[in-house]
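**Q** What follows is each chain in one-letter form.
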Amino acid sequence: MRYLFTHLDDLWALTLIHLRLSLVPIVLGLIIAVPLGALVQRTTVLRRLTTITASIIFTIPSLALFVVLPLIIPTRILDEANVIVALTLYTVALLVRAVPEALDAVSPAVLDAATAVGHKPLSRMLKVELPLAVPVLIASLRVVAVTNISMVSVGSVIGIGGLGTWFTEGYQANKSDQIIAGIIAIFVLAVVIDTLIMLTGKALTPWTRATNAPRAASPKAAAGAAA
Amino acid sequence: MNFLQQALSFIFTAANWGGPAGLTARILEHLQYTVVAVVFSAIIAIPLGMIIGHTGRGTFLVVTGVNALRALPTLGVLLLGVLLWGLGLVPPTVALMLLGIPPLLAGTYSGIANVDRTVVDAARSMGMTESRVLLRVEVPNAMPLILGGLRTATLQIVATATVAAYASLGGLGRYLIDGIKVREFYLALVGALMVTALALILDAALAFAVWASVPGTGRLQKLRGMPQPLLGDEVVLESGPLRQSTSVARYERGDPSHTVEG
Chain A
1 MRYLFTHLDD
11 LWALTLIHLR
21 LSLVPIVLGL
31 IIAVPLGALV
41 QRTTVLRRLT
51 TITASIIFTI
61 PSLALFVVLP
71 LIIPTRILDE
81 ANVIVALTLY
91 TVALLVRAVP
101 EALDAVSPAV
111 LDAATAVGHK
121 PLSRMLKVEL
131 PLAVPVLIAS
141 LRVVAVTNIS
151 MVSVGSVIGI
161 GGLGTWFTEG
171 YQANKSDQII
181 AGIIAIFVLA
191 VVIDTLIMLT
201 GKALTPWTRA
211 TNAPRAASPK
221 AAAGAAA
Chain B
1001 MNFLQQALSF
1011 IFTAANWGGP
1021 AGLTARILEH
1031 LQYTVVAVVF
1041 SAIIAIPLGM
1051 IIGHTGRGTF
1061 LVVTGVNALR
1071 ALPTLGVLLL
1081 GVLLWGLGLV
1091 PPTVALMLLG
1101 IPPLLAGTYS
1111 GIANVDRTVV
1121 DAARSMGMTE
1131 SRVLLRVEVP
1141 NAMPLILGGL
1151 RTATLQIVAT
1161 ATVAAYASLG
1171 GLGRYLIDGI
1181 KVREFYLALV
1191 GALMVTALAL
1201 ILDAALAFAV
1211 WASVPGTGRL
1221 QKLRGMPQPL
1231 LGDEVVLESG
1241 PLRQSTSVAR
1251 YERGDPSHTV
1261 EG
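Just so you know, the sequences run in chain order A and B.
Heads up, the first sequence is in the working numbering, so the first residue is 1 and it goes up one at a time.
Heads up, the second sequence is in the working numbering, so the first residue is 1001 and it goes up one at a time.
Partial pick of chain B residues on the chain A-facing surface, computed with a CB cut under 10 Å:
#, residue
1, A1068
2, T1074
3, L1079
4, L1080
5, L1083
6, L1084
7, G1173
8, I1180
9, F1185
10, A1188
11, L1189
12, M1194
13, V1195
14, L1202
15, A1204
A short, non-exhaustive set of chain A residues, derived as facing chain B with CB atoms under 10 Å:
#, residue
16, P61
17, I179
18, I180
19, D194
In short, the hints are calculated from the structure, not lab data.
Given the structure is predicted, the values throughout are model-derived calculations rather than measurements.
By construction, the Cβ of each residue, glycine as well, lies at the ideal position given by its N, Cα and C atoms.
Can you build the whole structure from these sequences, using the hints too?
**A** In structure tokens:
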């Protein structure tokens, strides 16, 4: 713990790098995956194709992807850009499956009602379907964010910056204090980002607070009756 | 593309597969770390998820616990473990279990908790004891989600077992990390390609297990001697209900022959 408080400057600088490497991919991933997911939702063939591609991409280990990417795209090996591209790929792979599923969950009655009050397909998508899909999207985003933060720290074994450098430095210098400081810093960072995304989701979906209350009560009542 | 050629020629040279530091030995080490970590994660997470899913108590524990474990950085725990306990199987196992437990726990819990209540109540009203309800009704119904959790856990563990090499341990990560250390990037590529191949094979095998475990389809019984597609389970699950109805009907008629319809 003492290491953490005696190295606040380092902590701040490394946290900024860590955040840049883990959050830029999330933003890029959202920009790519949401329109893509919405486009392929109703075309069965395209949707299967994206699902299969996404699950294959998701299977590639991150450390391997960091190393292989320079062969495919014109970046240097051990470049920060590789991490950003790799994590963007994972983000897209996860979200492109979640977006159509989230849109499927919107009830047909709501869609009909939206059409009936005069929404054109595009405005229906933007104003009705996507807002209703936000809770599922937020759930996936939280997983992606926490996973990305952890993956960036793994990148330090191949010389990528961020809070993970405290692990490699601490290990080489045999300083467990530094490693513990790194674990705490990354843990706190992940929890803070996770909470921020959750709160954003809550703020974006004010209607869930009204409908959640009775829904949360009913399973408990059922469980009580069963017991 | 030069690196790729060098890497491929390394992989396709028989001499590189033998010996204590050959590809075969590294793959076996990698699989050893993976299997040990997956088994220990399952021993902890599956019973816990079963109990919490069945009783409905401690749901909060699952949600917070899963998120907290996900947020713990594997590399940090691994390196700390090596400094504290020295080399050996303990540090990588503990570090990789942090990755394996969350998906297994979440999968088991949500699988058990989401079994149709009417099915559970029916089992109970037939006089099954609580443990029978859990083991005979809830677990088989939850099997696809439990195995789905196992699949995610295995995938993450096999991918991350690569970092064990950083702590002077073996596994396919040796190629990756040594290759970067001595700036022979084709060696790093060898490691990357081998880990990717291993992950894809394990994932396909487990996707198949998930597909076969969908209850009420009789897939497990029908498997013998039949070639099966190794697609993503999502695709198979999407086309599930159709097959489900036909195979159930066939099973109930007690008609083992598929030749007439086939």
